[in-house]
Every structure is written in C-alpha cells, then in structure tokens.
Amino acid sequence: MFDRILQEAPEFLTVENLVFLAEAAGRTLGMTLIGCSVGMVLGLLIAVLRQSRARALLPLRAVVILYVETFRRIPFLVIIFIVLFVIEPLVPGVSLLGIATVAVCLLSTAFLSEIVRAGLEAVPRQQVEGARTLNFNELQTLVKVILPQAWRVILPPAAAFVVMFIKDTSLASQIGVIELTFAGKMLVNRGFSPVLGFGAILASYFLLSYPLSRLAAALEKRLASP
Amino acid sequence: MHHLEIHNLSSAYGSHQILRGVTLEADRGEVISLIGPSGSGKSTLLRVLIGLTPPTDGQVFVAGQPVDYMSRKSLRALRNRMSIVFQQYNLFQNMTVMRNVTVAPVEIRRRPRAEAERDARAWLEKVGMAHKHDAYPENLSGGQQQRVAIARALAMNPEILLLDEVTSALDPERVNEVLDTIRSLTSEGITMVIVSHEMAFVREVSTRVAMMDEGRIVEYGSPAQIFDAPREQRTRDFVSKILRH
Amino acid sequence: MDYTFQFEQVLPQLPYLLGGALVTLQIAFVTFWAGAVIGVGGAIAKVYGGTGARRIASSYVTFFTNTPALVQVFLLYYALPDAGVLLESMTAVLIGLTLNAGAYLTEIIRAGVISVRRSEMEAAIALGLSRLQILRHVILPHIARTIYAPLSNFFVWLVLGSSVAALFGVEELTGRAINISTANLRSIETFTVIAVIYVALTLVASTSLALVGRWAFRVRAKVF
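Chains as they are written, first to last, in my numbering: chain A, 778 to 1003; chain B, 4 to 248; chain C, 10 to 233.
Excised from the complex, chain A in its bound form (with noise of 0.2 Å):
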C-alpha cells in the first residue's frame, strides 16, 4: 500500500488537482457559510417570533415550533434527500449546489434559532420591563437592550455549530455536489489510491475546520460569563 502511495504522490500533487480541491474546498465553505447566515437570521425571527405573546401569531408560532422540533430529529442526510426530492421535479434546472444549500439552511434555521432562543431568554426580565417602562416598543427593546446583551451568549454555540456543519456538508456528496468528499471519489475512482485520495480530503477539512474550531474555543473562553 505504502509503495503505491509514493509512487503516485507525485502525478496526485498537480496544481490541476490542487485547483480542483480548492473549488471543491470553497463549495464546501461557500454553503456552510451561506446556510449558516440564512439560519442565522431565520432563526433570529423564530427565536423572536416565540418570544412574543400576540394571540393574532398563535398559529405561525405553532407551525414554527413544529418545524424546529421537528428538523432537529432528522438526520442531514434524509433532509438532503427529502429537498432533493421535492424540489427538483418542481423547479427543473436547478443546481445541485442550490438544493444541497436548501437543505444546510432548513437544517441550520432550526438548530440556530434555539441557540438564539436561549440567549434572548438570558436577558434579565427586568431589562425588558425597563424598557418597557419607558415607552420602549417591541423592536426598540430588541434591538437597542436584548439583542446588544444576547449576542454574547448566542456567539459561542453558533460559532461551534458552524465549525460542526462544516463536517456535515460532506453529506451532500451524495446528491453529487462536486464539494470536498465527492471530490475525493472523484479522485479515488480516476485510479489514486485511497489514502491519497481520502487523505488528502480528511488534510483538507482538518484545514477548514481546525482554525475555525480554535476561533469558537477562544470566542467561547472570552465571552463565557464572569
């Protein structure tokens, strides 16, 4: 095994192929990062959403957390499959990257939105009530007390789930996104040898994933409360 290795490290390490792990590389980042941002302000109107009290949004309020509740029990790689089925018959032509990123987004709004949650909900009630007092209304109160206050409990979990995402993505090599993981069986079925191959993705998302985790442990180690 070993021999075979060396032996064909050097036709492996081209700036072709090199080229094409980094389109790969950016794919995979490009929907961590788009659907980590569109969880991220979805799951901020849910988390606000299910704070609020208005009888007139029962109904959505229910529906939200039916969702919530619901795409937090299902594996990634069903809900990849689920949105792969539902949207391509509807919407012909469009791009396995876009699906793929469909799904990161149902998957991440859900999970984001209770980080979210938790960190409104860490908020003193009595700021609120301040607020209120003084003829704050609803968005005011959001946006000038809850949201600078909340941030530093949301940060740190949202930042670690990014980082975990990063990792889940790899399961959207099996829709056929050209992203790290199908990649690598591109590679491995063009004839090189699967450690190189796979190594070299697993080198890859190590690459991706190890700075980003180190950033989330030291946003977490500074921001932690007193």
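Check the hints yourself; a few may be wrong.
[Said to hold, decoys possible] Covered stretches of chain C, going by a simulated chain A footprint (3 or more residues, C-beta under 8 Å): (1) 137-151; (2) 197-207.
[As the list claims (entries may be wrong)] Chain B side only, calculated, beta carbon under 8 Å to chain A, not exhaustive: (3) Tyr16; (4) Thr56; (5) Arg82; (6) Ser86; (7) Phe89; (8) Gln91; (9) Gln96; (10) Asn97; (11) Met101; (12) Ala107; (13) Val109; (14) Ile111.
Note that these hints are calculated values from the structure, not bench results. By construction, the Cβ of each residue, glycine as well, lies at the ideal position given by its N, Cα and C atoms.
Since chain A is already given, all that's left is putting chains B and C on it; use the hints.
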C-alpha cells in the same frame, strides 16, 4: 381631585389572588409609603400601576383621567407621566450611564440629544453621579446604579414616581446614599409611591403610610398614626415586630 | 405540479422499516459503548497521562473531531482492502463510527473528570475514606451526574448520525428507505415516513434517557 386614585384594584395570577380590592389615593406632591410583610402585594401594586401586571378588577385614575390597562395608547400616555425604579437590574448593561439616562428622552420622546444630555447632567448632579457619566453599569456599585436608575426615571419628568424596594438588594453601606437621594427628591413636588423596609426612613419622609397584608390595605394614615398609634391589630403586630429590631 | 401522494405504497413496508430502525438503534448502541471505552481511556490519558499519552490522545481527538465521519469511513472502507484487510460493510462502518464517537466521548468524559473539585476530594480525605472508597462514593458519582446529560444528547446524535451507514449498503433505517424507494419510486413518501420514524426514535430516546436521569441521579434535565 386627587392626583392618583386607586379604586378596588385587584389582580390575580391564575387562581392565586394577589391584590384584593386595594383602594388608595394620593394628592400631588405627597409621598405615600407601602409597608407590610413579604407577599402582601406591595410590589405587585406598583407593577399593576405601571402596567406590567394586568389588573383583574378595579380602576386607576391619574389626575382624574381613568387608565385603560388594555390599551397600548393609554399605557404609553400613562408611562409618560409615571416612572418606576426596580429593586435591581434597572440599568441597561450595554449602555453608559449618560446613554442610559438619555436613551428614552432622545429615542422615544424625540428630544434633541444636546438638550437631553444637558438635562441628564442636571439630574445626575442631583443624585451625585455626574462624574460617572461615562461609566458602564458593571463598573458601578449597586448603590451607584440605583442612583443612576433614579436619575433615569426623573429624566422623563414624571408626575408620579414609583420606587419598588430600591434599597433592598444593596449592601448596608450603600443603602444610605440612595435614601439620601430619595429624601432630597421629596421636595421636588413629584408624587411618590415608595415600597420599602427602611422603617425609619419611611417614617421620616412619608406624608402617609399604608400598611398592606394579604393583598389588602389594612390601615392608611400619617406616619405618626401608623407607627405610634396603630388602630388595627395586624398593623400593631407588624410594627412592633419591625421596631423590635 | 401533478403529483399524487401515494402513501399506500409505503405503509405496508412499515414492519420492514421498523426493522431498519432497530438496526439503527443497534448501530448507535454499539458505537456509543465501544466509543465510551475509547473515551474513558482517552480522557484518562489526557488528564493523568504523561506527555506522550497526552499528545497521542490530543492528536486523536483533534483529528477525528475536525474531519467528517463519512470521509473517515470512506478511508477505512476503501483503503483497508489495499492493505490486504477485507471488511464487511457493517464492520467497516462500525469501526469508523466508533473511532469517531470515541473522540467526542473523550472530550465529554474529560470534562466530567476535571470537574471534580479539589475541595470534594480533600473533604473525603479528611473524613478518612480510603482511595477506593473516595473513588466509589465521591468521584464516580460526581462524574456520572456531570456527564449524564451530554452523554444522553450525544447518544441521540449518534442515532441520527448512524444514517451514514446507509451509504455503505448497511440496511438500517435510511438504507431500507433507499431500497424501498428505488423499487416503488415513491421517494418523497418513503423518506417522509422515515423522517417521522427518526423523530419518534429520538423523542423516545431522549425522553427515556431524561427520565432515567431524573430517577437515577436527580439530574434536572429537560424531559421534552
């Protein structure tokens, strides 16, 4: 016409009745203190007055005008005339002292920032916290934070000021600085409703004192009457227990 | 869109799918406990081991927690034959997922181990307890209480993560769904049904774990 009139005010939490038909009135500039054992509903009364807890029965009038606690518009109007200071966590932790005091006048009342800051400085001087205008709440002691909270409430120029056990969460050394601040305010002409355990202070500054127990006003009269010659047994029991310490 | 939902094509297959759910649970179970063995070893190495042991454990954890389980299993599955080791799908998947789980469990258990406060130990020593007694009555119960909730959550995570096995032909829940849908072409219905089964599985798992936790450790965990 009384400045503040409370008629038969009741409030319940589920099946638990917290206020049972409270009736009280205060004239402009009077200082009314609420005393009584824990759980008697004193803080709840203040919360209901400012609209944080809904009343289940009764009426409240401010300068003759009835307050509709179900109407947003009415609540806004009420809070333009009435301010409250809580026991703790009053100040917005993410803003400096100056910003805490000016945020409502500037953002809610739409006053020009320079004008609001001038007024804020005056109120901060009055409570003795002008030198800390740039500090964040986490760098202030409990007593300092409470004094800023009072300044913030006053910056809204309320006719009625509610103080809910504002010294109860403070270290003993800090209590007096806040009491001194409150004492200096009693001559400003603001109608004040104070919930406090500081009996000597209550006796000194109050126009009238209300003894509450189990959600009701047991007795309502001058400090001399409540503390020296209480008519009701429960008042007698409470006062003698307190004064024994 | 002209699509008529035909759940009748899937529902008769329910027993088959539930059999797959059982396999899913088995995978989660095996990888959890085998991973826990690694986790205990790794945690002890990281907390009490010498420089060499610490470095090995650290590298192991860092590697397996920063790379996807899917690729780890791919490597195992495709590379081992090259080295002359031929493994059955299920075995390769179990080994890969166990190694993955072991890394995360090392960190969970390590957090529990270092959470034992010195004061607790010193109090026990002062009371005259032997080292074995201290271990049994003070340290282990404390660690168990601390790590129970994270371990429960991790187990549920493993249940969901076991779906990766389907990609290697293992006939757990997702794998059986793939089988069915390639036959009856009712992909949406089939996968919707297994989505529901997964939700039910994880709800039952987390609820029972929470209840056991409350009863055994008086751990105040969220039941739902």
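Here is how each hint holds up against the structure:
1. As drawn, the segment 137-151 of chain C meets chain A at 0 residues by the rule of a beta-carbon pair under 8 Å; below three, the given contact is violated.
2. Under a criterion of three residues with beta carbons nearer than 8 Å to beta carbons of chain A, the stated coverage of the segment 197-207 of chain C is upheld, 6 such residues being counted.
3. Of the supplied interface hints, the one on Tyr16(B) is violated, with its beta-carbon coming no nearer than about 15 Å to a beta-carbon of chain A, more than 8 Å.
4. Because the closest C-beta pair between Thr56(B) and chain A is about 10 Å apart, greater than 8 Å, the hint is violated.
5. Against a cut-off of 8 Å between C-beta atoms, the interface hint on Arg82(B) holds, since the closest Cβ of chain A lies about 5 Å away.
6. Contact between Ser86(B) and chain A, as hinted, is supported at the beta carbon level, the nearest pair being about 7 Å apart and thus within 8 Å.
7. Interface restraint check: Phe89(B) against chain A, minimum CB-CB distance 5 Å, threshold 8 Å, status holds.
8. The interface hint given for Gln91(B) is met, as the beta carbon of that residue sits about 7 Å from the closest beta carbon of chain A, less than 8 Å.
9. With its C-beta approaching chain A no nearer than about 6 Å, Gln96(B) sits inside the 8 Å limit, and its interface hint holds.
10. With its C-beta approaching chain A no nearer than about 4 Å, Asn97(B) sits inside the 8 Å limit, and its interface hint holds.
11. Among the interface hints, the one on Met101(B) is violated; its C-beta lies about 15 Å from the nearest C-beta in chain A, farther than the 8 Å criterion.
12. Satisfaction of the interface hint for Ala107(B) is found here, the shortest Cβ-Cβ separation to chain A being roughly 4 Å, below the 8 Å cut-off.
13. The interface hint given for Val109(B) is broken, as the beta carbon of that residue sits about 11 Å from the closest beta carbon of chain A, more than 8 Å.
14. Interface restraint check: Ile111(B) against chain A, minimum CB-CB distance 5 Å, threshold 8 Å, status holds.
Checked against the numbered hints listed earlier, the structure breaks hints 1, 3, 4, 11, 13; every other hint is satisfied.
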